[in-house]
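Counting in UniProt numbering, the sequence shown runs from 1 upward without gaps.
Wrong hints could be hidden among the right ones.
If you anchor each label on the Cβ, the simulated ranges turn out as follows [as the list claims (entries may be wrong)]: (1) I9 with G109: 14 to 20 Å; (2) V88 with S17: 23 to 29 Å; (3) P107 with Q35: 33 to 39 Å; (4) G85 with E45: 30 to 36 Å; (5) R118 with S38: 32 to 38 Å; (6) D37 with E75: 28 to 34 Å.
If you're looking for bench data, these hints aren't it; they were derived computationally from the structure. Since this is a predicted model, take the numbers as computed values, not measurements. Glycine included, every Cβ here is placed at the ideal spot set by N, Cα and C.
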Amino acid sequence: MTSSATRGIKTVLHPVSDLAKAKAVYAALLGIPPQTDSSYYVGFETEGQHIGLVPGGGPQGMISPVAYWHVPDVEAKLAEVIAAGATVNEAAHEVGGGRLVATVIDPDGNVLGLLQSR
């Protein structure tokens, strides 16, 4: 059906209003300290998952959590899901650490993330 399979959901980003409070809650929930801890992003790596906290929804204006499907080729998968009826929300771009991300909106208004690690 599609030319590039996904590797599953491995990253979920959560918009937060108070980064310090959210960091404490997620550290308690996960039982570990964050591996990335800055004023604009806090990230936890646990059990093959990355959980990120984005203050104020970040520059992308997130208003709810976004699950990122890991894919071998963001541009190819973006083309496939657009051809199937999704619309681009955030074009593919690098976010650091060799990662490319993009988001699309499905026909029901849900935001889906795509992530490629280089």
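Results for each hint:
1. I9 with G109: 14 to 20 Å: Between I9 and G109, where Cβ atoms are some 19 Å apart, the hint holds.
2. V88 with S17: 23 to 29 Å: 27 Å, holds
3. P107 with Q35: 33 to 39 Å: Holds, since P107 and Q35 (Cβ atoms, about 36 Å apart) stay within the stated range.
4. G85 with E45: 30 to 36 Å: Hint holds: Cβ distance 33 Å, inside 30 to 36 Å.
5. R118 with S38: 32 to 38 Å: Violated, since R118 and S38 (Cβ atoms, about 21 Å apart) do not stay within the stated range.
6. D37 with E75: 28 to 34 Å: 31 Å, holds
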